[in-house]
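2 protein chains.
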Amino acid sequence: VPGHDPAALIEQAAAGDRAALARLLTLVERGGPEGRAVARLVHGRAGRAYTVGITGAPGAGKSTLTDALVRHLRKLSEEVGVLAVDPSSSRTGGAILGDRVRMRGHAGDDGVFIRSMASRGHLGGLALATPEAIRVLDAAGLPLVLVETVGVGQVEVAIAGAADTTIVVVAPGWGDAVQASKAGLLEIADVLVVNKADRGGVDAAVQDLEGMLSLVGHDPGGWRPPIVVTAAVDGAGADELWTAVCDHRTWLQSRGELGRRRRLRLAAETREIVRRRLEERAGELTGGDEFDRLVDEVATRRLDPWAAADSLLAASDPSVPAPDDEGDR
Amino acid sequence: VPGHDPAALIEQAAAGDRAALARLLTLVERGGPEGRAVARLVHGRAGRAYTVGITGAPGAGKSTLTDALVRHLRKLSEEVGVLAVDPSSSRTGGAILGDRVRMRGHAGDDGVFIRSMASRGHLGGLALATPEAIRVLDAAGLPLVLVETVGVGQVEVAIAGAADTTIVVVAPGWGDAVQASKAGLLEIADVLVVNKADRGGVDAAVQDLEGMLSLVGHDPGGWRPPIVVTAAVDGAGADELWTAVCDHRTWLQSRGELGRRRRLRLAAETREIVRRRLEERAGELTGGDEFDRLVDEVATRRLDPWAAADSLLAASDPSVPAPDDEGDR
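First to last, the sequence lines map onto chains A and B.
According to the numbering used here, numbering within the first sequence proceeds without interruption in unit steps and concludes at 329.
According to the numbering used here, numbering within the second sequence proceeds without interruption in unit steps and concludes at 329.
Keep in mind that the hints are not guaranteed to be accurate.
[Said to hold, decoys possible] Chain B stretches covered by chain A per the calculated footprint, using a threshold of three residues with CB under 8 Å from any CB of chain A:
1) 28-40
2) 260-269
3) 278-291
These aren't lab readings, by the way, just hints derived from the structure by calculation.
Since the structure is predicted, the reported quantities are computational estimates derived from the model, not experimental observations.
Ideal Cβ placement from N, Cα and C applies to all residues, glycine included.
Here chain A stands alone, though its shape is the one from the complex:
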């Protein structure tokens, strides 16, 4: 059983210890001071992995497609980490059942590491925990990280869209393509997939997507998302999909876009941490005895609400980090 020391765990994970890697991901998922320590330590060792987001409506076959992609990558001898992010479920001790079921297909293969991320505490926590988990896999030496989101809420779309290349999956049928468009998925798509080619209605779905892409409009010389047809159950199209991802990667790198995108994501992440730190502070400031005392003064008209707020803010010192002993964040 691996220990709790973040620095030691990171060394072990980087040396190929998968149990240490799993432990690091648990700490990051859980948040709190240990998770934060892990997140801070791995940042300096990360930055090499390429990340691919996979999203789409329920029933479009995201997990099957992810598995087909992993099988294809293993044929190419690429090592790969998979994060399956599901904000709607919460972990109830140990791994989510799906982890083990899915890992079984890759039993004994150290070149694949699959892990689901569930929401512990409030929903927004995953938006911070996911990039941290990606960097853990990155620091452990995995050169590719696939991030599959299970739902299609705002958080899921934001998480899948925060990748170097984002794949949006739709099943054949007009409804699904329209849904994807409405959910804002076309705007974040770098590669579009019509999955379940065995089902029929593929040509119509491709045409629908082409039509909607024309409406969205793309800059001349900009990237126009290619549409790839797959039948994930038997792996058909996985090779073409991976080629499309690699084309996008090359395009990003040739333009200096990759660095620019990553910088924007880190800026958004830092902004979110500042916002959250201040939110924690607001909770502390308006939860204690001093707050009650000031509200008494407001109620008896000796103070006005703005003066009470200023008094609370003046008493706080933001250079002292917020208490950090809670598991949630």
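Please arrange chain B on chain A, whose structure you already have, making use of the hints.
Leaving out everything else, chain B in the frame of chain A:
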């Protein structure tokens, strides 16, 4: 034309100058440093007015009912202020058209002051501006303030519910009562009104509401909202409605509930100001050159996002109030 000095305007308004009162409300609605100065100054002079919120689905006849109530109150020689809060519309210079149309019915009557509040800047601003506007009317000596909300969104319901007595208006017809229940209106209702008694279907609507009230459940000895039937067009039922409001007021006062409720509202208001102050700060901290410089360090892995956030927070000093030169809030 009244001047801009808040203290002088408050003296004038308290002496019965309606133009000064209107000017104060404009400043509070607009927000910014002058509005804040007004809000702070009136707080100490307020606390005597009784506030009545009026809300309900569109088409239930809220404005007509409010007018009927005002006519009834004028017969009783009660002075009254009316705030019609409409977060969906925004003021485009001067008063909203409706103000003048509605004021015309009370032309020359200094015992009524009607004012609409529109959203300037972001939606949440009205949630802070409304209690401040109520206190302006209060400090000007109006002993009763009716707050009518035009829509039924979360903000509108929150605003109408933040009164001493809240009236929820429904039109006859099962649909409307169910809608009111779904929108969470039954929980905030102190008095229920079935309006448009001329329309038919009144008995059914009253029964629906009775049934739903039974489902909500009330503490033994607690307040069970009475149901009043009105036909606001000809003023029928306004007397009974006002009696119900006065009964509720007496009930609140006999229990010490009135003071408790007002203290809770002031605590919520102070909490909201703290939250907003910190939000302003987050915007300042993550908008400047120092933020860009730190993100560069994060992108080049010399700093991690948590360290960058802490560095920004440490550089800020919350005892210095945020710059206050913007009109919005």
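Results for each hint:
no.	hint	in the structure
1	28-40	holds (count 3)
2	260-269	holds (count 5)
3	278-291	holds (count 7)
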